[in-house]
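Novice: What follows is each chain in one-letter form.
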Amino acid sequence: MAVETVVFAPKDFKSDLKPIWCAGCGDFGVLNSLYKAMSMCNLDPEQTVVVSGIGCSSRLPGFVNAYGFHGVHGRALPIATGIKAARPELTVIVVGGDGDGYSIGAGHFPHCARRNPDITYLIMNNNTYGLTKGQVSPTSMVPLATLGQKIDSKRWKTTPYGMVEESINPIAQAIAWDVSFIARGFSYKPNQLAEILVQAIKHKGFSLIDAFSPCPTFNQDQTDDFYKDHTYDIPTDYDPTDKVRAFELSLRTDGYPIGVIYKRENKHSILDEQASLRERFHRDEAPLITLEKLLQKFV
Amino acid sequence: MAVETVVFAPKDFKSDLKPIWCAGCGDFGVLNSLYKAMSMCNLDPEQTVVVSGIGCSSRLPGFVNAYGFHGVHGRALPIATGIKAARPELTVIVVGGDGDGYSIGAGHFPHCARRNPDITYLIMNNNTYGLTKGQVSPTSMVPLATLGQKIDSKRWKTTPYGMVEESINPIAQAIAWDVSFIARGFSYKPNQLAEILVQAIKHKGFSLIDAFSPCPTFNQDQTDDFYKDHTYDIPTDYDPTDKVRAFELSLRTDGYPIGVIYKRENKHSILDEQASLRERFHRDEAPLITLEKLLQKFV
Amino acid sequence: MSAPTAVHTTDVVLRLVGESGEGTVSLGDLTVQMLSAMGLDIYTYQTFPAEIKGGTVMYQIRAKSDPILSHGDNADVVVALNHDGFDLFGEGLREDGILLYDSDVFTPRSEPGRTEYALPISTLARAEKEAVRHEVEGEQLKRLPAPKNIVGLGALLRLLSAPMEPAEDYIRTLFERKGEAIVRMNISALHSGADHVAEQIGSKRLPKVSPVVRNDVRITVNGNMMLAMGAIASGMRFYAGYPITPASEIMEFLAKELPGFGGDMIQAEDEIAALGMCLGASFAGKKSMTASSGPGISLMVEQINLAAQAELPVVIVDVQRGGASTGMPTKTSQGDLNLALYGVHNESPRIVLTTTSVEDCFWTTIDAFNLAEVYQCPVMLLSDQALATRKMNIPAPDLSKVEVRNRQVPSVEQREAGYLRYEDTETGISTMVAPGMKGGIYTSTGIEHDESGDPGYTPVLAMKMKRKRFRKFETLRINEGHKFVKEWGDEGEVEVGVIAFGSTEGAIREATDRARAEGFKVAHLHVRLINPLPVDQINEFAARCKKLLIPELNFTGQFANWLRVNTDLKFETFHKDEGIPFIPNELYQEITRVAGS
Amino acid sequence: MSAPTAVHTTDVVLRLVGESGEGTVSLGDLTVQMLSAMGLDIYTYQTFPAEIKGGTVMYQIRAKSDPILSHGDNADVVVALNHDGFDLFGEGLREDGILLYDSDVFTPRSEPGRTEYALPISTLARAEKEAVRHEVEGEQLKRLPAPKNIVGLGALLRLLSAPMEPAEDYIRTLFERKGEAIVRMNISALHSGADHVAEQIGSKRLPKVSPVVRNDVRITVNGNMMLAMGAIASGMRFYAGYPITPASEIMEFLAKELPGFGGDMIQAEDEIAALGMCLGASFAGKKSMTASSGPGISLMVEQINLAAQAELPVVIVDVQRGGASTGMPTKTSQGDLNLALYGVHNESPRIVLTTTSVEDCFWTTIDAFNLAEVYQCPVMLLSDQALATRKMNIPAPDLSKVEVRNRQVPSVEQREAGYLRYEDTETGISTMVAPGMKGGIYTSTGIEHDESGDPGYTPVLAMKMKRKRFRKFETLRINEGHKFVKEWGDEGEVEVGVIAFGSTEGAIREATDRARAEGFKVAHLHVRLINPLPVDQINEFAARCKKLLIPELNFTGQFANWLRVNTDLKFETFHKDEGIPFIPNELYQEITRVAGS
Ligand SMILES: Cc1ncc(C[n+]2csc(CCOP(=O)(O)OP(=O)(O)O)c2C)c(N)n1
Ligand SMILES: Cc1ncc(C[n+]2csc(CCOP(=O)(O)OP(=O)(O)O)c2C)c(N)n1
Ligand code: SF4
Ligand code: SF4
Ligand SMILES: [Mg+2]
Ligand SMILES: [Mg+2]
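Protein chains in written order, with my numbering: chain A, 157 to 455; chain B, 157 to 455; chain C, 37 to 633; chain D, 37 to 633.
Quick caveat, the hints were computed from the structure, so don't treat them as lab data.
From a predicted model like this one, the values you see are computed outputs, not experimental measurements.
Keep in mind that a hint or two might mislead.
[To be verified] The list that follows gives simulated cross-link-like pairs (lysine to aspartate or glutamate, DMTMM-like), each with its CA atoms no further than 25 angstroms apart:
1) D:Lys437 - B:Glu448
2) D:Lys292 - B:Glu435
3) A:Lys310 - D:Asp65
4) B:Lys170 - D:Glu459
5) A:Lys453 - C:Glu201
6) D:Lys612 - C:Glu201
7) C:Lys500 - D:Glu201
8) B:Lys174 - C:Asp123
9) A:Lys174 - C:Glu459
10) B:Lys174 - C:Glu55
11) D:Lys612 - C:Asp604
12) A:Lys358 - A:Glu421
13) B:Lys192 - B:Glu351
14) A:Lys449 - C:Glu55
15) B:Lys289 - C:Asp65
16) B:Lys360 - A:Glu322
17) A:Lys174 - C:Glu201
18) B:Lys423 - A:Glu404
19) C:Lys178 - B:Asp308
20) D:Lys292 - D:Glu510
21) B:Lys310 - A:Glu435
22) C:Lys612 - D:Glu173
23) C:Lys474 - A:Asp172
24) B:Lys453 - D:Glu201
25) B:Lys453 - D:Asp205
26) C:Lys500 - D:Asp120
27) C:Lys89 - B:Asp172
28) B:Lys399 - A:Asp172
29) D:Lys500 - C:Glu449
30) A:Lys192 - C:Asp490
31) A:Lys453 - C:Asp205
32) B:Lys310 - C:Glu212
[Claimed, not checked] Pairwise CB distance ranges, derived in the manner of DEER restraints:
33) D:Lys522 - A:Gly180: 42 to 52 angstroms
34) B:Gly304 - C:Leu177: 28 to 38 angstroms
35) D:Leu180 - B:Asp398: 47 to 57 angstroms
36) C:Asp120 - A:Leu407: 21 to 31 angstroms
37) C:Val496 - A:Asp410: 54 to 64 angstroms
C-beta: ideal position from N, C-alpha, C; glycine also.
In isolation and in its complexed conformation, chain A is listed as follows (with noise of 0.2 angstroms):
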C-alpha cells in the first residue's frame, strides 16, 4: 500500500492510561499493531472512535488517544452503528472479545453486515472469556466430554469434564452473512496484523479481523507457540472476492490460514441509502421540509 506522509506517529495513539493487562497479554500486541495501523492509515486522533464491549480486550479504548465508548457487554456494534450513522465523517474501530463478539454479542453482528457500515471490528480471539478468569468461549478447543481426555478443571472452570459443544467457525459464519472484508490475524505477527488492519480501516464497508491474542493467564492451549505452529499464510495468489472458495478455506482443519479472506468491493452501505435518502429530500444547512408544512398534511 502506498505510504502516505504520516502526521501522527503510532507512539502519538498511545494514552497516559497504562494497559491493566497481565504479563504476557496478547493484546498488548495487538494494540502495538493496532497504534501502527492508526498512524500508517493517517488517522486524526480526535476524528477517530474506538468502542467496544465489557473484557479484558474491550479495556482497549482507554489506552488509545482518540474519542473512546467502553459500553456494555455485547452491545459494541450497534452503539458503533449509532456513531457512525450520526458522523459519517468519523473513523469508527471497534474492539473487543470473542465472547464479546460471538457469544452475547452475536445477534447484532449479522444485522451489522446487513447495514455494512463503514467500520471496522478487530476481535482479540483468546478462546476463553478472560475477565471472568478463563471459561469456556465460543471459540474454545477444549476437548468434548465424551472423548473423556483429561482437562485441567482448575483452568476451564464451567467444563471440567470437558465442553458439551462444539466451538463455532467465526470466519464462515461472517462469510454466510457476506461481512464484505473478513480477515485473520495473529498478535505474535503484529506487522503482518498492522497491515492487515489497515487494509480492513480502508475497507469502505463493515470489516471483521479476528486477531488470535492468546490469554496466558487463562488459556495454556491455545498459546502463541500453539498458534505459530497451527497457522500459515494465506498463499499470494489466493483470490478473496470468490465466496464459495473463502467458504472452504475457513472450513479448512490444517491449520488456521492468516490474512485476507474474503473481500467484497462495494457492497451497498446503510449510510449510503440514508444519504441518498436526505438527498432526495434535498437536504441542505436548513431542512427544506420544515414542521409547518408536515403539521400542513394533517389538516
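Fit chains B, C and D with the ligands to the known structure of chain A by using the hints.
Specialist: Showing chains B, C and D with the ligands alone in chain A's frame:
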C-alpha cells in the same frame, strides 16, 4: 421412508382453539403439514411439546393438541433447549416467524447449532413482521433505497422509500453454523413440506426447516404465486452431505431450492455429552454421590 | 347528553362496533371527518381485538361543540355491524339511547326505552352495485366492493341530522379516478342509507347534533403522531427502534418524515440494538430517541443504566400497553411506572416524564429532549395505548412557543485547560464534548470512573461520583419542578384533592367539573414529571385538601406508592388495570365517595 | 481485642495486603488453615483490585475463640507485602497494632504506639532456595519458586504464637511428590521466618492467640459454595448460567458437582438464554436455577415477567456487586433490591428472598426452591459479593433438618375431570402438570389467558387472573411470613430497634451486642423475605421500639423505601454504597446516635 402404523391421525393433533390467522394466511398450510407429519412420525401428543416465541406464526402451539410453550419474542430456542435437556424423551418442535428467529432471536441460533439438541425448528417465513402489521423483516425483499424503485409505502411501513440493508440468507448462515439438518419448504406444497418435516423430526440433532409461508395481508410481493414462480425442487441426485456444495446452492439467485439442502449425521449433541457425563458418575435412580460426601470435601 | 350541557350545544357519543378488518374502522374515520367538517370537536377511543384479523373492534367517537376531555361515559348512539360486537359493547349504550344495526346480520332483543333503527346494509349496498353493473367492465366489476360503508355513513349522517354535501364532495374526490359510474354509485349509496333511516324516523328520537362555526384551523392527529412531531421539533435527528404494538406507529411516522429533516431512522434487530444505536448517536452529538412498549423496555434496562452512568442524553418512549409479559398488547395501562423508576441494577438516576393528552404529547416530548440534553441522562417518556391511538381534531401547536435547549459544550479554553468530561460541579452537570472536538478526547464508560472518565473503584471516589450524578436531579427538582405540575378546580381549601399523572388528565378534569357542578369543592393537581418528583408543589397542593384521592390505571397503585416514598401524605387510592381507560363517571363516583367518607 | 472480650479468649483481626496474582491470597488461605487447625473460628473478607492482574488485594482474617459475626473493625495485625497495599489499607491498623512488613520491598514511616516487625522475605526465601540448589536438577530448579509464602507463614505463625507442627505436616503432604529436598527447603523456610520474628520479639507486644479444643467438625466454605450446595439439597437438577463476577463461582461449582447428582449445567450464550433454558426445564418438571449479578439480571427482566405470568417455578440468584452499569464488579452492595422488586413491565408478583450469612446461604436457598415450587413463581434470591466470597469454617449443615417441598401436581381424577392449569382457587395456587402426563395438555403462555391457558383480553378476565396470581402472595405472607424474620437483643420495650435485611446481619448483631454491653436497650429484627413483606411481624416489632434505624448498603435507602410503601412506620436511615461492607463500629455509632437523638 418406512410407513409405521399410525396411532394418531392428523386430525388428532388439532386442538379446540381455532386459528386466529387471516383468511389466506400461509400458516394454515404449514399447520396442516405439521399435523400430517406428527401423525406420520407416530408422535404421542402427550409426549410432545411445541414451543414458540411471539408473532402470528408463534400462535401455532395453541392450535396443536400437544403440550405447548408460547414464550416471549425471540427466545423459543433457549426455552426448547431447556425442555429437551430436562426431559430428553420428549419430542420438542419449535415454531415461529422469520422476525422471531432471524432478528431478535438471532443470537441464540448459532449456539443452539453448536449444542445440537434433538430439536426441530420450523420457521414460517413470510418475509415480513405480520403480527405488528407489516414492517420489514431480515428476510424481506424490498428494493434498496438507492434503487429508487416505487414502493408501496402503506405496506412497507418502516421502509417507505426502500430498505437500507440487504436481506439475510438464512440457509447460508445455518450451513456456516453447521446446523445438522437444513431444509427449505413451502406452505403451498403441503405434502412435500410434511415429508420434509418427517425427516427433520426423525433426524437426531438440531434441524431447521425454513418454510415460505406468505402473508397476503401485509406482503403483496412474496405471495404464493411469487414463490410458485421462484422455487424449484432440489434434484434427487443432489448430495446434502457436501457442505461446500450446500453453501454454493444456498447462494444461487435463480430461484429458491425446495427440499433438504444440508445434512450431517452423528454430530455430537449436548444431550449425549451430558448423558455421558452422568454415566461417568454411574448415575442411577438414587445418585451415588450424596450431599454428605460433597460436604466432606470441605472439612 | 353524556354530561349535563346547555341547550343547542352538542355533546354526543357514538359507538361503532363490527368485525375488524371489515369497514368498521374506515366508517369511523369517515364519520370523524364529517363531524369535524361540521365544526365539532372530536375525540375517539378504539379497542382492537386480540386476533390478528377478525374479532370485534369498537370505535367510539365523541363529538362536542366545545373542547372534549374524555371519550365520555355511555354511548348515545350505537351502530352495530355484527352480533358479537353488539353483545360485547352493546351494554355501553344508555338505556334511552339509539341503536342503529345491520338488519341483514342480526336482530337485537329490543329493550324498552331504547330507540332502534334497522338498516339492511348489505342488501342496500348490493342494490347500488347492481345499478351500475352494466357500466363497468368485468375486471373492475370483480374487484368492485359493494359500498357498505357509504350506506352506513349515509344512515349515520342522517341520524345525526348532518349535511350530506361534505360527504358528497369527499366521495367525489375519493372515487374520481375510478370513473363517473363509481362516484354515482357511492353518492347514491350515501342517500340510500340516509333515506332508509329517514323513513323510520317518524316520531322517533334523534341525537341532538348542531353544526358549529369554527374560527380556527384544526389538525386531526393521535398521540403517537404528536409525539413524533414533538421529537422532530426538538431537533431529534436519529431514531432507532423495533416494531411493537402500540409504539410502531411512531417509528413508521419517522421513517417517512425524518429523512426530509435530514435525519435517519434505523429499524434495529431488537430493542437492545435500538437503544445501543441511540446511545452511540447521542455520544456522537445527535439527539436520539427510541420508542417501544413494556417487553421492549424490559430489554433496554441494562443500557438505560449505561446511559445514566455514562451521562448520555437519550429519550426512551414507553407506549404502555396492557398486562405483564406479552399480556394484552392492544389494551391500555399505566403499569410501567415502576419499571421506568426502578428498572436498573444498583442505582442510577433517570428522568421520568408522562404525556397527558394528544396535544401534550407534542409539548412534553420537547420537554423530554430539553431535560435529556441539559441534565445529560436518559429520559423515560411514558405514553399509553389509549392516548397513542386517540384521534382528536385540535388546533395546530403554536411553533413560535417551541423552546429548544441543548447540552452544554465546553469552550475551547475549558478544553485546553485540561478537559474533565465528568467534572464534579455544584449542579452536578458537566460539559459534554462530541468526537471531532479539539482537546476533548475521553472514553465514555459505564464502569465507575473519576472526573476524567478513567476507571476507579475507591470508596471515596464511588460516593463522590454517585453524588455528582444524583445531584443533577436535585438541581432539576428545585429549579424546574414547578413547570411540571398543573392545577384545576377550586381555589383555597377543598374537600377532595385529586393527584394524578399521565393520560388520565382529561377524564379526571371532566369528573371534577361534574362534581363541582354538583356543589362539591374539588381540586386537581396533575403531575408530568414523576422523577424527580416536584415534592414541594405536591405538598403545597395537599395542604389545602381535606382528603386526597390518587387514581391510576394499574393494579398495585404505583404512583400512590411513589408518593409514599417521597412524601408523608395520607390519601385514598383508586386503581385498576382492566386494559381500558377511566370513564369520567367512575371517577366522579370515587370523588363523591371520598368527599362523603 | 477488636471487641471487649474476657481474658484468655482469642479475637484477632489480621490483614494481609500485597500484589494480586502474587502469593497474598495463598498466604491468606494457608493462614486460615493453620488458625482453623488451632480450633479457632474464622471469618474472612477480601477485596480485589479493578485490574485483571496486578493491583493490590486485601485479605482480612478474623480468628476468634467463639462464633464470629463480622470481619471486625480495625486490624490488630497488618502484614504488608507491598508498599501500595500498605498505603491503601494500612490505615486500617489500630494505633497500638502490630505491623509485619517485607523489609526487602519498603520501609514504612514508623508510628508511635505501633509495634513493628521487619522481615526481609525475599532475602530469606532466596537463601532457602540456595541451600538446596545442588540437590535439584536444572529443569526443576528453573521452575522452583523461592518459598516466600512459607517464610511469611512461618513469621506470621510465630507472631501469633501458633504451633508449627500443623504447618510442617501440611508442607510435607503438599510437597511430598516434589521430593524430599523441596520439603526440607519449605520446612526450613517456615522456621527461618519464625526465627526471624522470634529474634525481634524481645519485649515487643504480641497479639493474644490461644488454641481452643473444638468438639465439632468444621467445613471451610464461602457464601457461593453454600448457596450452590443448598440448591443441590433442594433437588435443583438443571442449571444454566453465563459467567459474571462475583456469581461465576456458583456455576463453576455446579459444573463440577451437578453431574454427580444426575443434573445438568449449561453455560449459555448470555443471561437471556440462561433464564430461557431454566424456564423450559421448569416447565418440563425439573427444578432449575440461574445465577448472575446486576448486568445479567437486568437482561433477564423480560423473562422474569414471563415466569410470573406463566406461573413457572424458578430461582434467580443475584450476587449483587458494586455500582450501576458495569460499575465496580469486584466490590459489594445491596443495590439491586429495587430491581428485584420492581424490575418488570406492568405488574407480576415475584418472591424476593435474601441470604444473611455463609451458613444461611444454604438454608435460604432451600427456602427459595420450596417457595418457588409451592407458589409457582420466580424467586429472586439476593446475595452479594462480600458474602459470596466470605470464607468461614462452620459446622456442616444438619441435613436431617432439610425439608424439600414440591409443586402440587393434579391427580389423575382432576386431570380427567377437565384440567385447568390456571384454576382460580382460594389460595391462588393451581396444580401444575408436566409434559408426558395424561390429560394435562395445555399451552403455557405470557399472554393474558383464562384458567385453561387460552388467550383472553376482556376486562373482567384480566382482573380475575391478575387477582389470582397476586392472591398467592397474600397466602404466603399470611401463612408463612413469620418464618422469615428473626429477632435478637433486648426483650420488651427498647430505645432503638434495628430493622435490616441480607448480609448485614452479622455486623448489626455485633454492633447491637456492643451497644447493649454499654447499657443501651436495643433490639434487632432481620428480614429474609422482602416480597411479600412480613408486615405484621415488622409492625409488631416496631411497636416495642422507641426509635427505629434502617441500615443498608445502597445509595437511596431501597429497603427503607420499601418499608414506606408497605407500612406507616417512621424511622431513621443509615445507608451508603461505597463498595465495602459495614463494620460493626460504624453501626454501633449510628445506634448510639439514634438512641441519643
Ligand atoms: C451482561 C453481562 N454479562 C456478563 C458479564 C461478565 N463478563 C465480563 S467480560 C465477559 C467475557 C469476557 O470474554 P471476552 O469477551 O472474550 O473478552 P476477554 O476478557 O477474553 O478479552 C463476561 C462474561 C458482563 N459484564 N455483563
Ligand atoms: C421484546 C418484544 N419486541 C417486540 C415485540 C412485538 N412483536 C410481536 S411479533 C413481532 C414480529 C413478528 O414477525 P415474525 O416473527 O416474522 O412473525 P409473523 O407475525 O410474521 O408470523 C414483533 C416485533 C414483542 N412482542 N416483544
Ligand atoms: S486474563 Fe488473559 S486476556 Fe485478560 S489480561 Fe490477563 S492474559 Fe490478557
Ligand atoms: S397478518 Fe399475515 S402472517 Fe399474520 S395471520 Fe394475517 S396473513 Fe398471516
Ligand atoms: Mg476472550
Ligand atoms: Mg414473519
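Novice: Which of the listed hints are not met by the structure?
Specialist: 6, 7, 14, 17, 20, 22, 28, 29, 36
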